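Okay, here's what each chain looks like letter by letter:
2 protein chains.
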Amino acid sequence: MYSLILANIARHISLTDKEKTYFTALLKNIQVNKKDILLKEGQVCTKFYFVNSGAVRAYYVDRQDKETTIMFGVADWWITDMYSFLNQVPAIMYLDALENSEVLELSKESMDNLYIEVPKFERFFRIIIQNAYVREQVRVIQNLSMTAEERYEIFIKKYPHIVQRVTLKQIASYLGITPEFLSTIRARK
Amino acid sequence: MYSLILANIARHISLTDKEKTYFTALLKNIQVNKKDILLKEGQVCTKFYFVNSGAVRAYYVDRQDKETTIMFGVADWWITDMYSFLNQVPAIMYLDALENSEVLELSKESMDNLYIEVPKFERFFRIIIQNAYVREQVRVIQNLSMTAEERYEIFIKKYPHIVQRVTLKQIASYLGITPEFLSTIRARK
DNA sequence: CGGATTTCTTAAACTACCTTAAGAGGTAGA
DNA sequence: TCTACCTCTTAAGGTAGTTTAAGAAATCCG
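Chains as they are written, first to last, in this note's numbering: chain A, 207 to 395; chain B, 207 to 395.
Source of the hints: derived by calculation from the structure; they are not laboratory data.
Because the structure is a prediction, the values reported are computed rather than measured.
There may be inaccurate statements among the hints.
Since the list can't tell identical chains apart, any single copy or any two copies may satisfy a pair.
Capping the alpha-carbon separation at 30 Å, the derived lysine-lysine pairs in DSS-like fashion look like this [unchecked claim]: (1) Lys363 to Lys234; (2) Lys234 to Lys224; (3) Lys395 to Lys224; (4) Lys314 to Lys326; (5) Lys246 to Lys224; (6) Lys272 to Lys363; (7) Lys314 to Lys395; (8) Lys364 to Lys246; (9) Lys395 to Lys246; (10) Lys241 to Lys375; (11) Lys375 to Lys395; (12) Lys241 to Lys224; (13) Lys375 to Lys224; (14) Lys326 to Lys363; (15) Lys234 to Lys272; (16) Lys314 to Lys375; (17) Lys241 to Lys326; (18) Lys226 to Lys375; (19) Lys364 to Lys272.
The whole structure should be built from the sequences, with the hints applied where relevant.
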């Protein structure tokens, strides 16, 4: 139940057995079904989620009800509305399950305690967020300098396991195009 | 010389006088002239920069020589090629001065020592990077769900002091459009 | 000061991507 | 098993943003 998350952490910091025990005791294991909602826009996000199995999606809905997929979280990924979680303000995004999934929750309160009890975790989450930042920066560059077709090519190369599991509409909303246009892009090949 | 950066840090962590002295001793103050290059694509980025005065721009150049402005750094901003700096791999971006500027440099080596000597800085840079991550995420959402005109409106509201100081071409490359189109957007009002 | 270079504007023709619509599978629920 | 409702495709017509080009305005520099 905790082997995946402990391996994830071990990639960046070393924990003693005692620290591992302390950390895992803070986690809550939950099972969610396909389409279950973890977070709604407007709610304060109180959890940082780690996906153990299945798939979770983060997306934004604008005034015209158009969805933009912010990220897909599959096994071994951390996912949350970072701004809402860290500042305890209303979320701008939705989080929901694309498949039946097993998710570990770390609450804001637990995280604040964790930083005090095991300060090494400051380093761990700094690295996790650093990597997330760099990925978003690369995505901004790609969105601004490439056509939708090029972005789609990169997406299927980078996330081949995700392409199989999500709908065309969701991929289109990640790329920032309509499903119809993605369909014609696919047909070109 | 260090008052701005110490105030910047004090917003997130408290330092003793001794820690302040240790920290500022790691910094190198440099003066750069307009158009001076701080980092070239392909070089390993060895410095994290803090802008004391003036303005610095980070941008990406694609195979067709098209520039995409990644960020503008004015007084009180941290700027670097994060991926290159942290992993000591070749940079994907350029950094150069838009005006004569005063910049403080923190080297990778100094930063590694800083984390050991004053672990509080793990927290500080985690927060700095968190904020940068959230900004990039919002930018992705805006790029995917808004028209160029809407993004321009938001840009001039959010960075009114920057608009005055940089060229139209640079703003256009931040928004991901051509200077010609930005010119027509401006003429519409 | 004057010439060179860069920046900005305008406009016409073009392309990437959107909108609307209609039909063909697939899947889920009564 | 039938019906309802998503998902995906295809295609025609529309719009946001690009390309090319040329001139005007501003800035740089000897």
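Evaluation of the provided hints:
1. Lys363 to Lys234: This pair counts as neither: shortest intra-copy Cα distance 33 Å, inter-copy 42 Å.
2. Lys234 to Lys224: within (18 Å within a copy, 41 Å between copies)
3. Lys395 to Lys224: Cα proximity of Lys395 and Lys224: none, with 55 Å in one copy and 64 Å across.
4. Lys314 to Lys326: For Lys314 and Lys326, the Cα distance is within 30 Å both inside one copy (17 Å) and across copies (19 Å).
5. Lys246 to Lys224: neither (36 Å within a copy, 46 Å between copies)
6. Lys272 to Lys363: both (26 Å within a copy, 24 Å between copies)
7. Lys314 to Lys395: neither (47 Å within a copy, 46 Å between copies)
8. Lys364 to Lys246: both (28 Å within a copy, 26 Å between copies)
9. Lys395 to Lys246: Neither. Shortest intra-copy (38 Å) and inter-copy (37 Å) distances fail the 30 Å Cα cut-off.
10. Lys241 to Lys375: This pair counts as within: shortest intra-copy Cα distance 15 Å, inter-copy 44 Å.
11. Lys375 to Lys395: within (19 Å within a copy, 35 Å between copies)
12. Lys241 to Lys224: neither (37 Å within a copy, 54 Å between copies)
13. Lys375 to Lys224: neither (45 Å within a copy, 56 Å between copies)
14. Lys326 to Lys363: neither (34 Å within a copy, 39 Å between copies)
15. Lys234 to Lys272: neither (33 Å within a copy, 48 Å between copies)
16. Lys314 to Lys375: Answer is neither: 32 Å inside a copy and 43 Å across each miss the 30 Å cutoff.
17. Lys241 to Lys326: neither (35 Å within a copy, 41 Å between copies)
18. Lys226 to Lys375: Answer is neither; intra-copy 40 Å and inter-copy 52 Å both fail.
19. Lys364 to Lys272: both (25 Å within a copy, 24 Å between copies)
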